[in-house]
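Chain residues, written in single-letter form:
There are 2 protein chains.
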Amino acid sequence: MNNELKNDDIAINMAGVKNKFMVFSGKGGVGKTTVAVNLAYRIMAKGYKVGVLDVDIHGPNIIKLMGLEKERLVSKDNKIEPIKAFDNMKVVSTASILETEDSPVIWRGPLKMKLIRQFLSDVNWGNIDYMIIDSPPGTGDEPLSIAQLVPGLNGGIVVTTPQSLAVLDARKSIRFARQLKIPFIGVVENMSGFICPHCGARIDIFKTGGGQKIAEEMGVEFLGRISYETELMSLSDEGKVYLKIHKNGTPVSEAFTYISNKIIELG
Amino acid sequence: MNNELKNDDIAINMAGVKNKFMVFSGKGGVGKTTVAVNLAYRIMAKGYKVGVLDVDIHGPNIIKLMGLEKERLVSKDNKIEPIKAFDNMKVVSTASILETEDSPVIWRGPLKMKLIRQFLSDVNWGNIDYMIIDSPPGTGDEPLSIAQLVPGLNGGIVVTTPQSLAVLDARKSIRFARQLKIPFIGVVENMSGFICPHCGARIDIFKTGGGQKIAEEMGVEFLGRISYETELMSLSDEGKVYLKIHKNGTPVSEAFTYISNKIIELG
Chain A
496 MNNELKNDDI AINMAGVKNK FMVFSGKGGV GKTTVAVNLA YRIMAKGYKV GVLDVDIHGP
556 NIIKLMGLEK ERLVSKDNKI EPIKAFDNMK VVSTASILET EDSPVIWRGP LKMKLIRQFL
616 SDVNWGNIDY MIIDSPPGTG DEPLSIAQLV PGLNGGIVVT TPQSLAVLDA RKSIRFARQL
676 KIPFIGVVEN MSGFICPHCG ARIDIFKTGG GQKIAEEMGV EFLGRISYET ELMSLSDEGK
736 VYLKIHKNGT PVSEAFTYIS NKIIELG
Chain B
496 MNNELKNDDI AINMAGVKNK FMVFSGKGGV GKTTVAVNLA YRIMAKGYKV GVLDVDIHGP
556 NIIKLMGLEK ERLVSKDNKI EPIKAFDNMK VVSTASILET EDSPVIWRGP LKMKLIRQFL
616 SDVNWGNIDY MIIDSPPGTG DEPLSIAQLV PGLNGGIVVT TPQSLAVLDA RKSIRFARQL
676 KIPFIGVVEN MSGFICPHCG ARIDIFKTGG GQKIAEEMGV EFLGRISYET ELMSLSDEGK
736 VYLKIHKNGT PVSEAFTYIS NKIIELG
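First to last, the sequence lines map onto chains A and B.
Under this note's numbering, think of the first position of the first sequence as 496, with each following residue one higher.
Under this note's numbering, think of the first position of the second sequence as 496, with each following residue one higher.
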C-alpha cells in the first residue's frame, strides 16, 4: 500500500470518530455480524454515539440483521448520508446501494478498495464515540483496506466458534492483525456449548473453550464467551437485535455486557 | 477480464480434465468445504478419477478436512505435483504451500488471481474425470477467476443452509453464476433439520426447506438436502472424510449418493 492512497480526506472526514474497532474472523458462519450488531447496540445503550460500517461487500448482512433492507443511502451536500438505525446509531453498508436485496456484487479487489475508501472519506459520519466495522471473513482485500486506511484503528475483535477448524482460521486472523500492527487484538468465542432447548442436554456441535485457549496461547485478550442460544440466531434471521429484546439477565446478554465494557475501557 | 489472461496454457494443461464443477456459497460456514470433499470422495468411490482444487486462498480448509496438513506441493519436470489424497484423487490447495498451518495469506485480488491461474496452468493434473473446485464464499475474485479462467466449466453447485440469511446470500450466488453464464447451476441444502442426538426432538436452528424453495423460485436444479448430523461436522473437524467411514445407510450418505449421481449424469 503506497501512501498516496492514505489521503488526508479520510482523516479529515473521520475527525469526529473517536474510537474504531474492526470485527473480523478467519472463517465464515461464526456469527461475526451478529456479534458486531449486538456489540454496537450494547455500547449505544450505554449512552454512546455509535457508527456501524459494513465492509463485507459480497455478503453485507448488517442491514438484514437490523431489519433495514428498505433503507437506501442518499447523498446530501456532497456527502453520503448514513442510515439512522436508532437515534444514536448510524449505519452504512453496500447492501444499501444495491438495486435489489439479492444483487450480487461481482467486483474484484481494486474496486472494493475504492468503495471502502469512499465509505471512509465521503460518508457524513459526524460525531461518533465508537465505530464498529464489520469485515468479511478471511484476510483479503477488505480487512486489509480497513487496517491500512482507517486512521487510528483502536483494535481488532476476532470472532471464532470453538470448533477446531474455526480456531485454526482464528489463529490466522490474529497473525494477520499482528502483521498489520493493529494495536489491540481480542477474541470472542461465539456459539459456545450448545444446550438442547427440549431436553437440556449438552450437544457438542461446536464444543467450548477453543476461543479462550487460542487467546491464551497467542497472548491476546480473551473478551468472553457467548453461549449458543437459538434465539440469538433466529432473531438475527428475522432482522431483530437480540439485545433490544433481551436487555439483561440471559447468558448471552451478560456476555455482551462484559465484552462491551472491555471495548469501552479501551476507548 | 481481457482475453490475454485466458491463455492457451490453461487449456493445454487441463486438456485431460473432462468435467469441472465449482462448489461455492453466498455465506460462509454453510459446510461448503465438507460438501465438496464428500462429493469428490463419493464420485471417486464410484470408480472415477477425481481432482480437488481448493481456491479458498484465505481459508484453505480442504487439506485440514482430509487430514493432509503435513503434505506439501512439490515441483517435478517444471510442473507442480498435486497431493495424492487417495489412489484416484489428486488435491491442490494454497494450504500446501504455506510455511505453517496458521500463516495468513494477506493478499489482494490481483495476486490471488495469479495463484489461481498457476493452479490451472502449472499443476500436473493429468487425466481426471471430475474436478471439484472449492471456492470461498461470496462473489469476489476467486469464484470470478474460476468462472472466467476454467475452460469448459460444467456447472456451479451452490451450498446453502436453510436459514433465511444464508438463502438470501445463495440467491446472490445463483444470480452471479447466471451473469457469468455458467451452464448448470444446482443447489444443495446443507445442515437441514437438526435433531437432538439425546432426546430426538427437532431443533429448528437452521430450519429446513430454504434451499429447495430458492432453487424452485429461481428455476435452477435442486440437488438435494443433507441433514444436520453432528458426526459430519465432528469427523470433518478431525480430518476424516465422513463417507469413507459411513459408506451407506445414513441419511447423509444417501444424500451424497443422490447428489453425486446427478453430477455424474451431467458429465
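Hints may be right or wrong, so weigh each one.
[Stated by the list, open to error] Under the rule of at most 27 Å between Cα atoms (straight-line distance), these lysine-lysine pairs were calculated in the DSS-like manner: (1) LYS579(B) x LYS609(A); (2) LYS513(A) x LYS571(A); (3) LYS565(A) x LYS609(B).
[Said to hold, decoys possible] Some chain B residues judged to face chain A by a derived CB distance under 10 Å, without partners named: (4) ILE552; (5) ASP636; (6) LEU660; (7) PRO678; (8) PHE679; (9) SER722; (10) ILE740.
Simulated from the structure, these hints should not be mistaken for laboratory data.
None of the values given here were measured: they were computed from a predicted structure.
Where is the CB? At the ideal position from N, CA and C, for every residue including glycine.
**OP:** Return the numbers of the hints above that this structure violates; sort them in rising order.
**Re:** Hints 1, 3, 7, 8, 9 and 10 not satisfied by this model.
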